[in-house]
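Visitor: Sequence:
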Amino acid sequence: PSLFPSLAARGIRRVQILSLRRSLSYVVQGMADIESLNLSGCYNLTDNGLSHAFVAEISSLRSLNLSLCKQITDSSLGRIAQYLKGLEVLELGGCSNITNT
Numbered sequence: 334p335s336l337f338p339s340l341a342a343r344g345i346r347r348v349q350i351l352s353l354r355r356s357l358s359y360v361v362q363g364m365a366d367i368e369s370l371n372l373s374g375c376y377n378l379t380d381n382g383l384s385h386a387f388v389a390e391i392s393s394l395r396s397l398n399l400s401l402c403k404q405i406t407d408s409s410l411g412r413i414a415q416y417l418k419g420l421e422v423l424e425l426g427g428c429s430n431i432t433n434t
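End of the sequence shown = 434 in my numbering, gap-free, step of one.
Hints listed in this document are in silico derivations from the structure and should not be mistaken for laboratory results. Some clues are possibly wrong.
Claimed, not checked - Lysine to any residue pairs mimicking SDA-like chemistry, simulated, CA-CA at most 20 Å apart:
1) Lys403 x Asn371
2) Lys403 x Ile413
3) Lys403 x Ser384
4) Lys403 x Thr432
5) Lys403 x Gly374
6) Lys403 x Lys418
7) Lys418 x Tyr376
8) Lys403 x Asp366
9) Lys403 x Ile431
10) Lys403 x Ser373
11) Lys418 x Ser408
Unchecked claim - Okay, the calculated beta carbon distance ranges per label pair:
12) His385 x Asn430: 27 to 35 Å
13) Ala389 x Val422: 19 to 27 Å
14) Ser392 x Ser429: 28 to 36 Å
All residues carry an ideal CB built from backbone N, CA and C; glycine is no exception.
Using the sequences provided together with the hints, build the complete structure.
Guide: Put into structure tokens, the structure is as follows:
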């Protein structure tokens, strides 16, 4: 967790996470001004993990890539819409548990 505040202090605004061993909330809370978050292929990211990460509005986040996060379902989309109101790009390719309805 101490890594993310040090990245934020350096002005880093784009982060790609290759694997989550700890909670996504550490990333989100540690980088208040994050603009782009790439979580593509994080096989262990779940709806529960997203719900704990997005508990308040993150107005700076413009791009979120959840491609190939196969445990994410439709239930996460409501939370994304609620807390990521500035989001311009949402990538969901390969999220097999998200439906078209």
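Visitor: Which of the listed hints are broken here?
Guide: 6, 7, 8 and 12
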